[in-house]
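Model the full structure from these sequences, guided by the hints.
Given next are the chains, with one letter for each unit.
There are 2 protein chains.
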Amino acid sequence: MSVEIERKFLVKGNAWRGKAEGIFYRQGYLSLKKEHVVRIRAVGEKAYLTVKSTSKGASRVEFEYPIPLEDAEYMLNHLCEKPLIEKKRYTFESGGMTWEVDEFFHENAGLILAEVELSSEDQSIELPSWIGKEVTGDSRFYNSNLIRKPYSKWTNYSR
Amino acid sequence: MSVEIERKFLVKGNAWRGKAEGIFYRQGYLSLKKEHVVRIRAVGEKAYLTVKSTSKGASRVEFEYPIPLEDAEYMLNHLCEKPLIEKKRYTFESGGMTWEVDEFFHENAGLILAEVELSSEDQSIELPSWIGKEVTGDSRFYNSNLIRKPYSKWTNYSR
Numbered sequence: 000m001s002v003e004i005e006r007k008f009l010v011k012g013n014a015w016r017g018k019a020e021g022i023f024y025r026q027g028y029l030s031l032k033k034e035h036v037v038r039i040r041a042v043g044e045k046a047y048l049t050v051k052s053t054s055k056g057a058s059r060v061e062f063e064y065p066i067p068l069e070d071a072e073y074m075l076n077h078l079c080e081k082p083l084i085e086k087k088r089y090t091f092e093s094g095g096m097t098w099e100v101d102e103f104f105h106e107n108a109g110l111i112l113a114e115v116e117l118s119s120e121d122q123s124i125e126l127p128s129w130i131g132k133e134v135t136g137d138s139r140f141y142n143s144n145l146i147r148k149p150y151s152k153w154t155n156y157s158r
Numbered sequence: 000m001s002v003e004i005e006r007k008f009l010v011k012g013n014a015w016r017g018k019a020e021g022i023f024y025r026q027g028y029l030s031l032k033k034e035h036v037v038r039i040r041a042v043g044e045k046a047y048l049t050v051k052s053t054s055k056g057a058s059r060v061e062f063e064y065p066i067p068l069e070d071a072e073y074m075l076n077h078l079c080e081k082p083l084i085e086k087k088r089y090t091f092e093s094g095g096m097t098w099e100v101d102e103f104f105h106e107n108a109g110l111i112l113a114e115v116e117l118s119s120e121d122q123s124i125e126l127p128s129w130i131g132k133e134v135t136g137d138s139r140f141y142n143s144n145l146i147r148k149p150y151s152k153w154t155n156y157s158r
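Sequence order for the protein chains is A and B. Take 0 as the starting number for the first sequence in numbering that gives the first Met the number 0 and just add one per residue. Take 0 as the starting number for the second sequence in numbering that gives the first Met the number 0 and just add one per residue.
Hints should not be assumed to be uniformly reliable.
A pair counts as met if it fits within one copy or between any two copies, since identical chains are not told apart.
To be verified - No more than 30 Å apart at the CA atoms, straight line, and that leaves these computed lysine-lysine pairs for DSS-like: (1) Lys152 to Lys87; (2) Lys51 to Lys32; (3) Lys33 to Lys148; (4) Lys148 to Lys87; (5) Lys45 to Lys132; (6) Lys81 to Lys152; (7) Lys18 to Lys32; (8) Lys33 to Lys45; (9) Lys81 to Lys32; (10) Lys148 to Lys51.
For the record, the hints were derived by calculation from the structure and aren't laboratory data. All of these numbers come straight from a predicted model, not from anything done at the bench.
Okay, here's the thing in structure tokens:
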């Protein structure tokens, strides 16, 4: 069990590109509830089943288990809600912090998000120049919600 | 991944008692969908997370992963739908087959089910004297459905 404290931002421009090789993620959900989700994720040759509580306010609780890639592929193709999330993740250091930039494809093409994990809720961070608007806590940007309402179908969103 | 072919029966009388020590099961569901369920099960000191497809007609597909008991307890207590299923399982041989008898408690007290796993759908089996009505495929007896409609609340069921 782990507890995550994260801040999430839109990414502007391309100055972040070239800082890391992207790794391809393919993920879907067996369950998408208000209280918690059950996620299947294939990352390169590895795969994971993750249970994440999504209770607002409090920090989220997460349980992650490695599973055989073959199992994950079956569940992604046959059991998970469609569309799947397909994205490349670029992980690198900037300003003493580890940033994860997710570049989405297919139904969510055009969306690029950056996340940073904090050790406490009031930790100060230095924002790189390519960091745009903060979207921490905006549930539209949760990967789980990008399945039911993909970015390409949003209207009235000022990017 | 495994595929299960099972037949399920009501149990009558007590002639099956004493054939095995019962093991206590405590289980709940993170997700209960028509197509598949995600189950958390604690059995003695062990625990498992299981994904089961529930598609009718075809045999069911099942993925089971051992998880730490501590994780299972957290998910059972905080994330799974209530009430939980609490039962004792008695496993023993009879007529060359392995029988599992589940004796339910709490909201499902009074219900005792016997299951036998077959190697093919047309395998013949010898039914012990304590086997009652067959309920294979009767979805009311699925553990997942015994949460939303516990046995103690059934009306109009001829036992």
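Hint-by-hint comparison with the structure:
1. For a Cα distance limit of 30 Å, the shortest separation of lysine 152 from lysine 87 inside one copy, 20 Å, qualifies, whereas the shortest one across copies, 50 Å, does not.
2. In the homo-oligomer, the alpha carbons of lysine 51 and lysine 32 lie at most 30 Å apart both inside one protomer (10 Å) and across protomers (18 Å), since each shortest distance falls under that limit.
3. When the C-alpha separation of lysine 33 and lysine 148 is checked against a cutoff of 30 Å, the pair qualifies both within a copy, at 15 Å, and between copies, at 22 Å.
4. Taking the shortest Cα distances, lysine 148 and lysine 87 sit within 30 Å of each other inside one copy (19 Å), while across copies they are farther apart (44 Å).
5. For a Cα distance limit of 30 Å, the shortest separation of lysine 45 from lysine 132 qualifies neither inside one copy, at 32 Å, nor across copies, at 46 Å.
6. Taking the shortest Cα distances, lysine 81 and lysine 152 sit within 30 Å of each other inside one copy (15 Å), while across copies they are farther apart (36 Å).
7. In this assembly of identical chains, lysine 18 and lysine 32 lie within 30 Å of each other by CA distance neither inside one copy nor across copies; the values are 35 Å within and 42 Å between.
8. Taking the closest pair of Cα atoms, lysine 33 and lysine 45 come within 30 Å of each other both inside a single copy (27 Å) and across two copies (28 Å).
9. Within a single copy, lysine 81 and lysine 32 get their C-alpha atoms as close as 15 Å, and across copies as close as 15 Å, so both meet the 30 Å cut-off.
10. When the C-alpha separation of lysine 148 and lysine 51 is checked against a cutoff of 30 Å, the pair qualifies both within a copy, at 20 Å, and between copies, at 27 Å.
Violated hints, listed in ascending order, are 5 and 7; each of the other numbered hints is respected by the structure.
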